[in-house]
Amino acid sequence: RKEVEQDPGPFNVPEGATVAFNCTYSNSASQSFFWYRQDCRKEPKLLMSVYSSGNEDGRFTAQLNRASQYISLLIRDSKLSDSATYLCVATSGTYKYIFGTGTRLKVLA
Amino acid sequence: NAGVTQTPKFRVLKTGQSMTLLCAQDMNHEYMYWYRQDPGMGLRLIHYSVGEGTTAKGEVPDGYNVSRLKKQNFLLGLESAAPSQTSVYFCASSPEETQYFGPGTRLLVL
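In the order they appear, the protein sequences are chains H and C.
Residue 74 in our numbering sits at position 74 of the first sequence, and the numbers go up by one each step.
Start counting at 1 in the second sequence, then tack on 1000, and there's your number in our numbering.
Worth double-checking, as some hints may not be accurate.
Taking lysine-lysine and the DSSO-like style, the derived pairs with C-alpha atoms no more than 30 Å apart in a straight line are [said to hold, decoys possible]:
no., chain 1, residue 1, chain 2, residue 2
1, H, 106, C, 1057
2, C, 1070, H, 2
3, C, 1070, H, 79
Cβ pair distances, simulated, as ranges [to be verified]:
no., chain 1, residue 1, chain 2, residue 2, range
4, H, 68, C, 1005, 25 to 31 Å
5, C, 1061, H, 59, 19 to 25 Å
6, H, 45, C, 1086, 23 to 29 Å
7, C, 1054, H, 9, 27 to 33 Å
8, C, 1027, H, 31, 19 to 25 Å
The set of hints was computed from the structure by calculation and includes no laboratory data.
The beta carbon of each residue, even a glycine, is placed where N, CA and C say it ideally should be.
Build out the structure end to end from the sequences listed, making use of the hints.
In structure tokens:
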């Protein structure tokens, strides 16, 4: 079983839709969690950190459920420019990131 | 600030050849990392460094060596390239937790 698992998608949604991704992690000792965005043939870029109380950044909301060991990302009012792969990340020990394989999102006009 | 840069951007090697990938960061970050990214596998940590002069093995270190002689540079070496090392290599640096990635090096080993 992978330490961090994501549905690979693709999620095809119309512009303006709300879409949510989930990600599960297996290491209960993981301390920090993040969502990264990766465009085709580009490097991953930090989208947002995920805090226990949940956090919001504009149209993006991230949630952490430690009891069930999953994190989620909600995107409201999807834009064409949101089309990308979204990588879920959990830390494993000090300074070590474990990446999920990513969820592809395609926002359709 | 250039952020994190990687050299070269693309390289083709023959099996058995050696090469060095260079990662440089100008953000004075302590921590640096080398990952490889393969389809369906996600990013996997090869080696990392928590400071100048230190290195440590990650998840998939075999066939690679690294050096961090200067704080701003992290070198990844392939002594004898194999087709299984065909991949996209990303370097990252971080002050503490948030990692900043370079643009990647695409390596093809024939």
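Status of the hints after comparison with the structure:
1. Of the pairs offered as hints, the one joining residue 106(H) and residue 1057(C) is violated, with about 36 Å between alpha carbons and a cut-off of 30 Å exceeded.
2. Distance restraint check for residue 1070(C) and residue 2(H): the Cα-Cα separation of roughly 34 Å exceeds the 30 Å cut-off, and the hinted pair is therefore not satisfied.
3. A hinted pair counts as satisfied when its Cα atoms are at most 30 Å apart, and residue 1070(C) with residue 79(H) does not qualify at roughly 42 Å.
4. A hinted range of 25 to 31 Å is violated for the C-beta pair residue 68(H) and residue 1005(C), which are about 40 Å apart.
5. Separated by about 39 Å at the C-beta atoms, residue 1061(C) and residue 59(H) break the suggested range of 19 to 25 Å.
6. Between residue 45(H) and residue 1086(C) the C-beta distance comes to about 24 Å, which sits within the given range of 23 to 29 Å.
7. Roughly 38 Å separates the CB atoms of residue 1054(C) and residue 9(H), a value that falls outside the hinted 27 to 33 Å.
8. For the pair residue 1027(C) and residue 31(H), the beta carbons lie near 23 Å from each other, so the given range of 19 to 25 Å is met.
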